[in-house]
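Trainee: Once you've looked at the hints, dock chain B against the given chain A.
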Amino acid sequence: MKRFRGLLLLLAAATVLLVAPFAGMEFLTPARLLHDDLARTIFLDLRLPRVLTAFLAGGGLALCGLVFQALFRNALADPFTLGIASGSSFGAAAVILLGLGGSLLGVSAVAAGAFAGAALSTLLVCGLASLRRTTSGDTLLLAGIAVSFLFSSLLMFLQYLSSLRDSFHIVRWLMGGIEVFRFAPLLAMLPWLAAGGAVIALHLPHLDQLLAGEDLAHSRGVPVRRTKNLLLAATTVTVGAIVATCGPIGFVGLMTPHVCKLLWPMNHRRLAPRVFLAGGLFLVLCDTAARTLVAPAEIPVGVITALLGGPFFLWLLFRRPTPRQ
Amino acid sequence: MLTIDRLQAVIDGKVILADVSLTVGAGERWAVIGKNGAGKSTLVKCMAGLLPAAAGGVFLEGAPLAAVRPKQRARRIAYVPQAAGRSVPGFMVADYVMMGRFAHQGLMAMPGPRDRDSVREALALTDTETLGNRAMDTLSGGELQRVFLAAAVAQQSTLLLLDEPLSFLDPLHQAIILNALDRIHRRHGTAMVTVTHDVNAALTRASHVLALVAGRVFFAGPAAELLRRSPAILQEVYSLPFDAVAAAGRTLMMPAFYRPGAGTAAATATPAMTEAAT
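From first to last, the protein sequence lines stand for chains A and B.
Quick note: the first sequence, position 81, residue 81 per this note's numbering, numbers continuous.
Quick note: the second sequence, position 51, residue 376 per this note's numbering, numbers continuous.
Careful: at least some of the hints might be erroneous.
Quick list of the computed label-pair ranges, beta carbon to beta carbon [stated by the list, open to error]:
(1) A:F157 <-> B:D462: 42 to 48 Å
(2) B:N504 <-> A:R269: 32 to 38 Å
(3) A:R269 <-> B:P377: 28 to 34 Å
(4) B:A391 <-> A:F4: 47 to 53 Å
(5) A:A146 <-> B:M579: 50 to 56 Å
Please keep in mind that the hints were generated in silico from the structure rather than gathered at the bench.
Keep in mind that this is a model prediction, so the values were computed, not measured.
Glycine included, C-beta positions come from ideal geometry on N, C-alpha and C.
In isolation and in its complexed conformation, chain A is listed as follows:
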């Protein structure tokens, strides 16, 4: 059983990816797609892009969580630790409040604002940390928390200033949701994910080394500072692009790596693909639940991730300890 965990995960991810686009307010059978134009439109323009976006977003967030936990050597580090979530939320809120509408190449102004906010917060955190000439995990983490609070207050201030309608729009955005239409948002997100993912993939052994200790990593030939900066940049564009498309969806990035670390030994080259698959699988499941449970209404997916994931994680954490050998 233990030896087949990886295979099982792969099968589960494939099954969910195949089945989820058919599920929804109404279950579409493959037969209906053939001779029902409306069903085909719903399937191709709404459900397929949405499921694919959810999968990539979940996988990307989980992968970035894995990177952050090694980078900061802190179990509580997640993609939003550096204030990325509050930075992007502030960016999105500012755009909503300014009433900037429209979109370019499938990227809405709100999404662009969110991406800019994410990048801004990371730059701010790294700038602050470099004042102390260190990229030590704790300094970065504390700077991230401080910046996070800063953006949160600014966000509250914006909400205070805004009209009821804008305020609701902002709150709804903050809850996260994968409401994509056709493939343009996915295609806009993809290059950032691919670039960030490629950098992360090439530095998986470095993550093992950094996790074992920066002094040791250095003595074994890892260019520590350069590696950390590269990984910070990669995670920022990845998370920034995801948050811009889906809003700040919590929990996936924090918990998925932990679940995988409970199931498999520490080795980032082997963990990373599993974490990506598990994150994608999890978010597709959550999003499918979000759009079917109270259909035709929708539950914000961020609510579901914590609701489903929390108890599962607690079960994993407190089940009878099995020695990992």
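Mentor: Same frame as chain A, now just chain B:
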């Protein structure tokens, strides 16, 4: 192979090392002794390229250490940090020792047959073959220290820096580590620089000894010469009297707190000691 030239090291505005010069030749086994805070660990960190020199410098075969590419440096110098404060998340032992091969691997650090060979050899040299499938966070202190040593051995460097490899270990595990170091030295002729508080381990295993007092070189030379000038010189280094004791055909140095009737502080305290404490 490694030359330190009038090195000054500064941490948070405080001068930790001043005017330290030293040459470690191929295959030499240096012991670094001195009181806590004398700058031993800082010196080793400078030799590992972890701490930039405030003045003077460290040179690897004539090239400034800071200018040597990381992987190239790692193929020459390996480092085992102090046991305190190192983190061992749930790596498998075999994976962890393989991580020592980083400098010899290419993109993505995919292990090849040569990597597997040197990991196997490192496990054998450190008596850790049976631990390969264990998770690091299930090991005892003695096992852990051997695994750390194994990872450094797998690195196949020509110089091994060890910061207090015997601390927190019982006598049996100290012996296991010392024997492993002897085996590594015999097999590969690896030069070693070992920070230690065990004066006798330094005197019996090392070819050379460096004694630091307040960040400056107090003695640097062959271990035999230090032994000849002991216990007087050790008293200066540690501000504590030592007695020469003949045991098992050797002369060992015994700190004064083992003297009979040494239960009272007055029996062992020297003027320098009380001065150091105030």
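Trainee: Against this structure, judge whether each hint is valid.
Mentor: We went through each hint and held it up to the structure:
| no. | hint | result |
| --- | --- | --- |
| 1 | A:F157 <-> B:D462: 42 to 48 Å | holds (45 Å) |
| 2 | B:N504 <-> A:R269: 32 to 38 Å | holds (34 Å) |
| 3 | A:R269 <-> B:P377: 28 to 34 Å | holds (32 Å) |
| 4 | B:A391 <-> A:F4: 47 to 53 Å | holds (49 Å) |
| 5 | A:A146 <-> B:M579: 50 to 56 Å | holds (54 Å) |
In terms of the numbered hints stated before, the structure departs from none.
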